[in-house]
Amino acid sequence: LQELASAKSEINRLRSYAERDPERVYIRASCATNDANSTPRVDDATRARPTDAAIRNYWILRERIAQSESIILGLQGYI
Numbered sequence: 001l002q003e004l005a006s007a008k009s010e011i012n013r014l015r016s017y018a019e020r021d022p023e024r025v026y027i028r029a030s031c032a033t034n035d036a037n038s039t040p041r042v043d044d045a046t047r048a049r050p051t052d053a054a055i056r057n058y059w060i061l062r063e064r065i066a067q068s069e070s071i072i073l074g075l076q077g078y079i
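Just so you know, our numbering puts 34 at position 34 of the sequence shown, and the rest follows in order with no gaps.
Worth flagging that the hints you see were computed from the coordinates, not collected in a lab. Source: prediction; values computed, not measured. Beta carbons are placed, not taken as given, at the ideal position from N, Cα and C, and that holds for glycine. Be aware that one or more of the hints could be misleading.
Claimed, not checked - Cβ-Cβ distance ranges computed for the label pairs, FRET-style: (1) 76 - 52: 33 to 43 Å; (2) 62 - 1: 13 to 23 Å; (3) 11 - 49: 16 to 26 Å; (4) 77 - 8: 31 to 41 Å; (5) 74 - 9: 12 to 22 Å; (6) 64 - 19: 31 to 41 Å; (7) 74 - 49: 30 to 40 Å.
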């Protein structure tokens with residue numbers, strides 16, 4: 001139970017850092033390329049950014065992974 005509380009605390013700390021300084025958050029992703037027939041222009045160079053829903057889902061998944069790990073460890077100790 002203490003591990004779960006520690007994991008949630010760490011997730012909240014990371015979320016806080018990400019919200020304060022989103023430029024420092026690295027997300028590995030691939031973006032669709034432009035049409036091969038179009039010529040590259042400076043205004044085509046926009047920054048890739050995940051949607052708000054994707055960011056929210058990321059943090060929810062981190063919390064659920066921490067909960068699952070805690071439950072699995074507890075069950076392994078019970079067996």
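* Which numbered hints are broken by the structure, listed smallest first? -> 4 and 6
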